[in-house]
Amino acid sequence: MVTLRVNGEDRQVDVPPDMPLLWVLRDVIGLTGTKFGCGIAQCGACTVHLDNQPVRSCQLPVSAIGDRAITTIEAIGQTPEGAKVQQAWLAVDVVQCGYCQSGQIMAAAALLARVPNPTDRDIDTAMSGNICRCATYVRIREAIKQAATGQQHGLQVVVDGSAA
Amino acid sequence: MRRFLIIVVVLLAVGVGAYFFLNRTDPDDGTAPVLAGAPTNADPVARGEYLTTAADCVACHTSHDGGKPFAGGLAFKLPFGTIYSSNITPDKETGIGTWTDDEFVRAVREGIRKDGKHLYPAFPYTAYTQLSRADVLAIKAYLFSLPPVHQPEKPNELGFPFNQRWAMGFWNAAFFRSQRFQADASRSPEWNAGAYLGGPLGHCAECHTPRNFGFALKHGEALAGEVVQGWRAYNITSDPTHGIGKWSDEALTQYLRTGHAEGHASANGPMGEAIAYSLQHWKPEDTAALVTWLRTVPAREGDDPIVVDAAPKAMVASSAVAPGGDDGKADAEGLRLFEGACASCHQWNGAGQQTAYAALAGTRGVNDPKGANVTEAILEGVKMRIGDNDVYMPAFGHAYSDTEVAALANYVIRHFGGKQGEVTPADVAKRRAE
Ligand code: FES
Ligand code: FES
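Top line first, the protein sequences correspond to chains G and Z. Quick note: the first sequence uses numbering that gives the first Met the number 0, first residue 0, plus one each step. Quick note: the second sequence uses numbering that gives the first Met the number 0, first residue 0, plus one each step.
There may be inaccurate statements among the hints.
If you want the ones that stay clear, here's a sample from chain Z, every Cβ over 12 Å from chain G, calculated [said to hold, decoys possible]: (1) 12; (2) 42; (3) 150; (4) 170; (5) 213; (6) 321; (7) 327; (8) 335; (9) 344; (10) 346; (11) 384.
Partial selection, computed: residues in chain Z whose CB lies under 7 Å from chain G [claimed, not checked]: (12) 117; (13) 338; (14) 339; (15) 352; (16) 387; (17) 388; (18) 393; (19) 397.
Please keep in mind that the hints were generated in silico from the structure rather than gathered at the bench. No experiment lies behind these values; they were computed from the predicted model shown. In this text, a Cβ means the ideal position worked out from N, Cα and C, and glycines have one as well.
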């Protein structure tokens, strides 16, 4: 038995120690908002927060978590940054198919918690490990800026982090 | 003329005499120090299993493409050709099922197989010659307890003259002595156990000791580090700067038992295999003995000594989630690759998340300007099972070009090691070919 603190609640789960957190969240606890993309820590779809840091839950064995607090997409709207990000995501209509978006939102919320007003370079650094097969990158950038400033910036293509 | 003939005959006689003298077999059965994991009163098969694990026979005698354990077929790509490991399951036709005790002991300790032909020293009889007969026979008992696997040997791919097995007799005359382990009475039993575990049994030197022009170990440079099939086996002498002299006993023990030592190293490649198949299964007392012995290995600098910078400028200026202090121009390409594919696990400050094995700070890998192991890790990734967990890093060899791998390796070396990396796309292509 392992006790995990998920979205503010203690959960007792009976799982093998090497089971990745993603499996525990989706298949055991039933929180299916976090997605499985690649399973090898390369796409970011499975991003959750551990003590407010973004981590890839597909490569995180449950035995490595300890008493760190887990936050998933289901509860990120209860944090100030998460709420702002979700608002902006709706305003900009970022989502295409949506598969990568829980991970994108988790990564964006972690970025804003750390850097309230990120530059394009900051956005690249924080977000380029999150892959979107629908290529919503331009809208993600705009939504992050809107979430940060509360203002519209307009969709823009940025090359190499040097703002257009 | 007669005089000349006499000289020729005498020289020949001396040569033949020297050949046989240098190739003589030590008649001693040999005595092994007591090992915690293989007490002398234990059942021979159980003892043999432990000794087989400690010697890590399975790592070389199993092919990587899903081969059955001990059935052989693993390729050793050496500068002069490719050698395949043999089937050591008790299959009567393709394995060692018909070998007698004496034949097995001769193969393991003298490098001469059942049919009288010489083995190549890719099989470390040069180390195993020091094993006691009782230990070798325990290993045989264990191997003979396994299910026989019918798997014919793959023929070696060696050009002339290396394909001439008899020539190994001359190699042996020059570089090999048949001799059993000699305990050092002035040292503790623990040290002697460690010397036996790290020497004849664990054969650390086969990878970690530099080799000479004849591909034999340079004993005067013991354990000072060498490159084997593209991977760098680091200096493990007690040298405080270039070896492991500054590691605490706890760090060394942690590394040997788990493949990771906080702030020092994470094993991958061949050492990862050694940890996964062998070292993690040792009895803690035997690990402690090995550490005791390693501590006494004379300090040596070795070739291409690595100096670890535990706090390089750029790494220190970075946080877990954001880089700082990089030279944007020089590293742009490597940085771009790192942020997309690597940062989420390794982190910009080198601390590593998801798994402690992802920590890069303070490791010799990122402090080696030649980037041998960084390049290999990028190309091949990491996959090993340690205790209850898988340690995993994806392989990027198929995803990135030689130029990209070189840029990424050099970025990693500069950011985490504070050094100018020297990896070229041509180096990467060479690594791939191996
Ligand atoms: S599913 Fe975890 S990073 Fe892709
Ligand atoms: S919205 Fe479809 S994968 Fe990103």
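message: Need the list of violated hint numbers for this structure, in ascending order.
response: 6, 7, 8, 9, 10, 11, 12 and 19
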